[in-house]
Amino acid sequence: MEYAEVFWNANLEELKKGYIDENEHYVCLLCSKKIEKGIIYQEDGIFYEAEKYMKLHIESIHESVFDYLIQLDKKLTGLTEHQNHLLRLFYLGKSDADIQKETGIGSASTIRNHRFVLKEKERQAKLFLVLMELLKEKDQHAPSFLPLHKSAKMVDERYNITEDEREKSLKKYFPEGMNGPLKKFPLKEKQKLVVLREIVKRFDPNKIYHEKEINEVLTTIYDDYVILRRYLIEYGFIDRKPDGSQYWLKE
-1 MEYAEVFWNA NLEELKKGYI DENEHYVCLL CSKKIEKGII YQEDGIFYEA EKYMKLHIES
59 IHESVFDYLI QLDKKLTGLT EHQNHLLRLF YLGKSDADIQ KETGIGSAST IRNHRFVLKE
119 KERQAKLFLV LMELLKEKDQ HAPSFLPLHK SAKMVDERYN ITEDEREKSL KKYFPEGMNG
179 PLKKFPLKEK QKLVVLREIV KRFDPNKIYH EKEINEVLTT IYDDYVILRR YLIEYGFIDR
239 KPDGSQYWLK E
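Numbering (the numbering used here), first residue to last: -1 to 249.
Keep in mind that the hints were calculated from the coordinates and are not lab data.
The beta carbon of each residue, even a glycine, is placed where N, CA and C say it ideally should be.
Take these hints with a grain of salt, some might be off.
Unchecked claim - Once the Cα atoms are required to be at most 30 Å apart in a straight line, the calculated DSSO-like pairs of lysine-lysine come out as:
1) K248 with K188
2) K31 with K14
3) K35 with K15
4) K92 with K73
5) K210 with K186
6) K166 with K182
7) K15 with K248
8) K182 with K239
9) K166 with K134
10) K119 with K53
11) K119 with K73
12) K32 with K248
13) K119 with K190
14) K169 with K190
15) K119 with K199
16) K181 with K210
17) K248 with K170
18) K32 with K72
19) K31 with K186
20) K35 with K72
Unchecked claim - Label-pair distances were calculated between CB atoms; the ranges are:
21) H83 with S58: 20 to 30 Å
22) L185 with K124: 37 to 47 Å
23) E47 with L185: 48 to 58 Å
24) F143 with Q81: 19 to 29 Å
25) D65 with K32: 32 to 42 Å
26) T160 with D241: 31 to 41 Å
27) I225 with D162: 22 to 32 Å
28) E47 with E118: 17 to 27 Å
29) E161 with K99: 32 to 42 Å
30) Q81 with S142: 25 to 35 Å
31) K199 with E118: 33 to 43 Å
32) L70 with M130: 16 to 26 Å
With the hints as constraints, model all of the structure from the sequences given.
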């Protein structure tokens, strides 16, 4: 199962914790880091069992699950920029009066009204989740869609890709198999996305790459490594420093 699929298939409690219990490991849902069970880990002179160490990892690397999720694209969270900003302030424990002074929005009662709207959104989300769960039990014709990667940009109809479409595209563009070269770079956006999702698997998520290293990996896939690198960045799979000196996979 792909990492993105693990994230989207996690239940509410697992998402709140930020990690899942998977066989012999705890797996971070935010960055896919695995921590092996049955091992004692040391950090700053303190010893931790595996699950405690996973919680420490989330705090030290991601600050909190809330901090990680709130910075996701608004098309993934469904929040407006204004709602996003208010949630951040609420999470910090600020009072309505303090938020009103900081934002200059109406009055404290205006902030309370925003809280009510967000609560209404929560109620709607709960009912929608139940409806979708009930639908799964009856809908025998729903296609299996590819999960979104959390750093996805420009989330629109181009991400409307089924598993069947993915398989056909991969056979077309990687005729020698997934470890072989790319036959040609697709023109259609949906097929570009399928190809890029496969290419990014050849990079180590825990490694910082120099531009030369990125180019070396991409050259083994396709002669025009520049176009691959550009679209990997454009679609949110890879990030880099402004001067192009370092590249890394986005979480």
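CB of D65 to CB of K32, is that within 32 to 42 Å?
-> Violated - the Cβ-Cβ distance for D65 and K32, about 21 Å, lies outside 32 to 42 Å.
For the pair supplied as a hint, K31 and K14, is the alpha-carbon distance within the 30 Å limit?
-> Judged against 30 Å, a Cα distance of about 17 Å means the pair holds.
Hint consistency between K248 and K170 [alpha-carbon to alpha-carbon, up to 30 Å] | holds (27 Å)
Verify the proposed pairing of K119 with K53, using a straight-line Cα cut of 30 Å.
-> Since the Cα atoms of K119 and K53 sit roughly 29 Å apart, the hinted pair holds (cutoff 30 Å).
Cβ separation of I225 and D162, checked against the hinted range 22 to 32 Å = Between I225 and D162, where Cβ atoms are some 27 Å apart, the hint holds.
Has the given pair, K15 with K248, been kept, meaning a C-alpha gap of at most 30 Å?
-> holds (21 Å)
Hinted pair K32 and K72, Cα distance within 30 Å = Holds, at about 28 Å.
Kindly confirm whether 17 to 27 Å is satisfied by the beta carbon distance between E47 and E118.
-> Violated, since E47 and E118 (Cβ atoms, about 41 Å apart) do not stay within the stated range.
Between K166 and K134, is the straight-line Cα distance small enough, at 30 Å or below?
-> Distance of about 25 Å is within 30 Å: holds.
Does the hinted range 20 to 30 Å hold for H83 and S58 at CB?
-> Taking Cβ atoms as reference, H83 and S58 lie about 25 Å apart, which means the hint holds.
Going straight from one Cα to the other, do K31 and K186 come out at no more than 30 Å?
-> Violated: K31 and K186 sit about 33 Å apart, past 30 Å.
Proposed proximity, K182 with K166 (alpha carbon, max 30 Å) | It holds: about 15 Å lies between the C-alpha atoms, which stays within 30 Å.
Checked against the numbered hints above, the structure violates hints 13, 15, 19, 20, 25, 28 and 29; every other hint is satisfied.
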